[in-house]
Each structure stands twice: as structure tokens, then as C-alpha cells.
Amino acid sequence: MKIPEEELLAPGHRGCAGCGATIGVRLALKVLGRNTVAVSATGCLEVITTPYPETAWEIPWIHVAFENAASVASGVERALKTQGKEDVNVVVFAGDGGTADIGMQSLSGAMERGHNLIYICYDNEAYMNTGIQRSGSTPYGASTTTSPHGKESFGEDKPKKNVPLIMAAHGVPYVATASISYPEDFMKKVKKAAETDGPSYIHLNQPCTTGWGFNTSKTIDLGRLAVETGSWILYEIVDGEFKVTYRPAQRKPVTEYLNAQKRFKHLADEEKDKIQEYIDNVCAELRI
Amino acid sequence: MVLKVISANKAIAEAVRLSRPQVIPVYPITPQTSISEYLAQFVADGEIDSEYIKVESEHSSMSAAVGASGAGVRVFTATSSQGMALMHEILFAAAGLRTPIVMANANRALAAPLSIWNDHQDSISERDAGWLQIYVENGQEALDSIIRSYKISEDKDVHLPSMVCLDGFILTHTVEPVDIPSHEDVDNFLPNYVPEHLYLDPERPMSIGTLADPGYYMEARYEMELAMKRSMKVIKRVNNEFAEIFGREYGSVEEYYCEDAEIILITMGSLCSTIRDVVDDLRSNGEKVGMLKIRTYRPFPKEDIYNAIKNADKVAVLDKNITFGIGGALYTDIKSKIRDVDIYGFIVGLGGRDITPTHLKDIVNKTKNPTQDITWIGLKEGV
Numbered sequence: 001m002k003i004p005e006e007e008l009l010a011p012g013h014r015g016c017a018g019c020g021a022t023i024g025v026r027l028a029l030k031v032l033g034r035n036t037v038a039v040s041a042t043g044c045l046e047v048i049t050t051p052y053p054e055t056a057w058e059i060p061w062i063h064v065a066f067e068n069a070a071s072v073a074s075g076v077e078r079a080l081k082t083q084g085k086e087d088v089n090v091v092v093f094a095g096d097g098g099t100a101d102i103g104m105q106s107l108s109g110a111m112e113r114g115h116n117l118i119y120i121c122y123d124n125e126a127y128m129n130t131g132i133q134r135s136g137s138t139p140y141g142a143s144t145t146t147s148p149h150g151k152e153s154f155g156e157d158k159p160k161k162n163v164p165l166i167m168a169a170h171g172v173p174y175v176a177t178a179s180i181s182y183p184e185d186f187m188k189k190v191k192k193a194a195e196t197d198g199p200s201y202i203h204l205n206q207p208c209t210t211g212w213g214f215n216t217s218k219t220i221d222l223g224r225l226a227v228e229t230g231s232w233i234l235y236e237i238v239d240g241e242f243k244v245t246y247r248p249a250q251r252k253p254v255t256e257y258l259n260a261q262k263r264f265k266h267l268a269d270e271e272k273d274k275i276q277e278y279i280d281n282v283c284a285e286l287r288i
Numbered sequence: 001m002v003l004k005v006i007s008a009n010k011a012i013a014e015a016v017r018l019s020r021p022q023v024i025p026v027y028p029i030t031p032q033t034s035i036s037e038y039l040a041q042f043v044a045d046g047e048i049d050s051e052y053i054k055v056e057s058e059h060s061s062m063s064a065a066v067g068a069s070g071a072g073v074r075v076f077t078a079t080s081s082q083g084m085a086l087m088h089e090i091l092f093a094a095a096g097l098r099t100p101i102v103m104a105n106a107n108r109a110l111a112a113p114l115s116i117w118n119d120h121q122d123s124i125s126e127r128d129a130g131w132l133q134i135y136v137e138n139g140q141e142a143l144d145s146i147i148r149s150y151k152i153s154e155d156k157d158v159h160l161p162s163m164v165c166l167d168g169f170i171l172t173h174t175v176e177p178v179d180i181p182s183h184e185d186v187d188n189f190l191p192n193y194v195p196e197h198l199y200l201d202p203e204r205p206m207s208i209g210t211l212a213d214p215g216y217y218m219e220a221r222y223e224m225e226l227a228m229k230r231s232m233k234v235i236k237r238v239n240n241e242f243a244e245i246f247g248r249e250y251g252s253v254e255e256y257y258c259e260d261a262e263i264i265l266i267t268m269g270s271l272c273s274t275i276r277d278v279v280d281d282l283r284s285n286g287e288k289v290g291m292l293k294i295r296t297y298r299p300f301p302k303e304d305i306y307n308a309i310k311n312a313d314k315v316a317v318l319d320k321n322i323t324f325g326i327g328g329a330l331y332t333d334i335k336s337k338i339r340d341v342d343i344y345g346f347i348v349g350l351g352g353r354d355i356t357p358t359h360l361k362d363i364v365n366k367t368k369n370p371t372q373d374i375t376w377i378g379l380k381e382g383v
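Chains as they are written, first to last, in the working numbering: chain C, 1 to 288; chain S, 1 to 383.
Careful: at least some of the hints might be erroneous.
To be verified - As a list, the in silico DSS-like pairs of lysine-lysine whose alpha-carbon atoms are at most 25 Å apart: (1) S:233 - C:85; (2) C:160 - C:243; (3) C:81 - S:54; (4) C:2 - C:192; (5) C:30 - C:192; (6) C:252 - C:274.
Think of the hints as simulated: they come from the structure by calculation, not from any bench.
Sequences are here, hints too, so could you generate the full structure?
This is how it looks when you write it as C-alpha cells:
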């Protein structure tokens, strides 16, 4: 796969060293190109890319609030349609909090109405912009500032909300999961999303050095470990047809993934075993 | 002239049809609902060429409106009460991003207790959002105000959104004769919207809605203050242009027998019609009573108000809203800007409580012989 060199998210933004979200945006925009309007939810990405009077966006970009990116995109998409600019890609970049939690209603509405837009949730599994508070997308066992581990707690006690399947239940014609550490897989999916007539949803796993607690040089490694251990599964659902798009040759034990991150450091073997068992069950069903 | 006997909600829908917004995101709520329905029918019948977005809430109707306006097209939406409260966050964003959105608000009380009936608490509670607020007295004014508001909001000296507020049920569901202008006249008055400051065009990339740190935020707010002040002049100019084409004149305020009045009643909206009758009645008995109608609540026409009431002995301000412990919003605004006139506040008509000529005469008497600053009118005995 030839990856275009042109960057549409300019360097010099204020992302952390090793930021996974900006890698995701760069890759997506390499596929979508300049004929694209981006809509952001409030969050890390919005804050680090647009400190007035600077902007890292080389394409038109709009941000209004935290929970309404899908609604704003709905208005943008229809406005472009009335201007005869139906060929312009409308892409949303929203975090897991802005998607799985506070933005769920507007996302549901936009997807059900069938707007021609690409919604990419960059999932770093907690509210990272405000200092690592748990979201509905925080995984079981993760310690965050609002699901801390302690004498009476092993951290987050609920599994991740499964947003891609919720999107599939809406009848969204193209739903996929992806990882920034598998750029070709992700970019192919962005291309399919752009070619889809109607809404598409991509849930992008994106390691966060500050929130997950790992060395800033290890972002890509952590993304790989998530997939190679079966903690994050790459698949797509095209018109309701489910297909795994990547199968690790030899699935690694989840402890390799958990032990590489501060947010899981506190977990007892008992909890780690539970996580392994959960992954094993899911992977058995999917033959991974 | 084509006079049709229609409700103010229908008049609003007709005004929207004539103003040709490209995008209409709207969510139904009593007593605004028929606006949503009329517009949906216009689209279904091919009478307007607009994208109608059937959003899932008012938060999303205003969000989609900001998205569409940000993308550079003319936008209309409508709401009421709880819906406006749900929009609260995005109303501030719409103004801060300088979108020229026009919205109709069917004025209705806010819960709790739940009420679907009229007062002004919903839009008054959004007075600091940065929107222009117009309160109308009848269906004709509702129709004309929508058309004029586009011209005012889209003016480069303003670039702030406008809400046209009409009393729930009293206007929204009451039919009266309304002159519906021709498409040709409205097109001449209100040409197509060509965005110069706000668009999402891949040929000319722009970032809209960025983060402003303490080094920048305050100037953005000050720019809005300046725009609100400039809008006074624009409103006057647009009103003149409107009068030339359509023959109907609108000022920021409207005086009714104020010139020699000893007592002046000030209020907004449909209540003005009842007061006109009461003024006529009292005048026929030789009482020098007048009325001042506030049409434009934001920008606040403090000079027009001062000029109208400066010679009165006493002034009564009638508010269909309450800031607890302080009085009504119109009363406190007027009181804060005009110090040398004797002004009293009256809280009336909350949650649709009737305001009768008897109540209004009682207000005149209480203003002549005041015993307190703020008086609630029409309460049940023994409360």
C-alpha cells in the first residue's frame, strides 16, 4: 500500500510525545485527502490542534461542543449537499467519552438518519483530556482517577461498552474496528468508509502514553500488543456481515499487554486470569 | 396584498418558506410543534427547497444548525421552553461562533411544575447567550420579524443569531388575518446568503470553534458586545428598508400614547394588545395612561425606552418571568439603566395565568399608589 507523504494534520501541534490520537488522524487524512471537512468533539484532539490563533488542520474543521459532534456533522453534511458539494468527505473525530458516553444520543440520531459521514472514534479508553477519568469505554480492571484501585477496589469493575455493535444494530452499512498500529488495515477501512453511501463508523484503538502509563516510544508496540493478545479485535461489519480482518498468527498471553501498562499494574493474578478467560471466550467464538 | 387567516405558527412557517433557508434542523415541542409540521409538509410538497433534518432532540437541532451555518448556508430552527433549555449550551456556541441563525421560540413556562402554557421564562433565561431577541405581538409581526431577522443577523456589522419570540398558544394557536408577501418582494429584500466570514470549503480551509486561552477569550466576547451595539443601527436601517417594500414599520420599541402619559405600562409580546384596549378605556375616562412595547429585548433599546418614559410620573413594568428575589428581567434591566424615573415591577401571567383588563387597571392603580417595588398580580386569594 502506498501511503501519501502529504500531512493534512500539520506538525507543531501540542500533542504529547507518542500521542496515538494524532497518528490516527494523520493516517485517516492521508486516505481522505484535502476534499474533506473534519468535525471534532471537545477533547484532547481539539485542544492540542487548535490553540487560537494556531491550527494544525490543513482542511476545513469545526468544533462546537463535547457531546454533539455527530449532530454538527449532520448539519455540515446537509449544508454541503445544498451547495452541490456532495463529493466532500465529512469526517468526525471524537474520543471515547464524546462517543460512548456523552455523545451517544447525537451519534445514535445521526446514524439512524443515515447521513453520509464517516465517524471515527479515537478510543484511548478514558477521559484523557481532563486527567484520566473512566469512561464507558474503560476496560475491566483499569485504574483511572475515578475508578482507582485501592483496598476495596481493583479499578474499573465493568467491561467496555461495545459501541461498534451498537452502531451495527442501527443498520449502519459500514462498521469497523481498527488500530493505529495496523495502519494499512485502518487506512483500507477509512477508504471503504469513504466509499460507503451513508454513514460509517470506525472504532479506532489508540494507546495513550499518559493515560495508560507507558514509555512514549512504545505507542505502536502497545497497540500491537492489544491486538496480538486478543484484547482488541480488528473486524468489519459490511451491510450486517461480520468479518475478522486480522488474525494474530499466535495469540500472546494478555499479561504481556497488561504488565506493560501502569493502569493494570495493581491487578492480582486472579483478575488477570479473569481477563484472559474473557478474551479466550471471545476469541474461541471468532476462531482467533 | 394577500390576507390569510392563519395562526402565528403558520405565519412563521410562511416566513421561513419565503426566506429560503437551505437547512432546517427541527424537533417538535408544544406549542411550537405545528411550525415543525408545516415546514415538513412544505418540504414533502416540494414547496421549499430545504434540507429538513429530523433531529432527535433540541440539543441536536441547535448543534446541526451551527454545523450547517458554519458550513455557510442559511438556517432556520424553532423551539420552546424545555427545548430551549436543552439547547442552552449550544445557544452560547451559536452566538460565539457568530452564526447568523434565525430561530422561532414559542414562549412557554419552564418546569417544574410542568406547564405547557405561556410565559417568557424560557427565552429570558437565555438573554445573555448573545442572541438578538425579538418579542412579537401578533401573527403579522411574527412573519415580518423572521424575514427581517435574517437580514439583520446576516449583516456583517452584526453576525449574531436572532430569536423571534411569540407567546405560546396566545399567538401560536390563534388565527388572525396575516398579509403574506410575495416571493418576489421578499427575494428583493432578502437576497441569497453569501457567507463571507464562516464557511467550510476545502478550497479555503478555516478552523471554526478553536480553543481560546485567557489571552484571547475576552476579546472574542468584547467583539460580541460591539456587534450587539452595532446591531441597533442595523435594525433601524433594515426596518426602514422593510417599510419601504412592505409598508409596515417596526422600531425597537413602540409607543402608545406615551407622549403626555402620567402612567406608562411597559411590556413585551401579545399582552401589549390587551394593554392597548385598557389604555383606550382609561383615556376615554380622562386618565393619562400610555403603553410602551419593547419589541427588541436584545439589543436592549435603553435610549428609546428612556425617551419614551422620561416625562412620565410613574412607570409599571410587566414581566412574564421572575428572577427570584429581584423581580422580572425587563424591570431589573430598565431599573438598572434608568435612575431618574419612578419604576415599579409587576410579575404577571406565569405558566399561562390569564391577564385581564381588570388586572391591568389594578396595576395602573397600584402604580399610582405604590406600596412595594415588586408586586405579583393575579395570585389566588390567601397565597
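Checked hints:
no.	hint	result
1	S:233 - C:85	violated, 36 Å
2	C:160 - C:243	holds, 21 Å
3	C:81 - S:54	holds, 16 Å
4	C:2 - C:192	holds, 16 Å
5	C:30 - C:192	holds, 14 Å
6	C:252 - C:274	holds, 16 Å
Violated hints amount to a single one, hint 1; each of the other numbered hints is respected by the structure.
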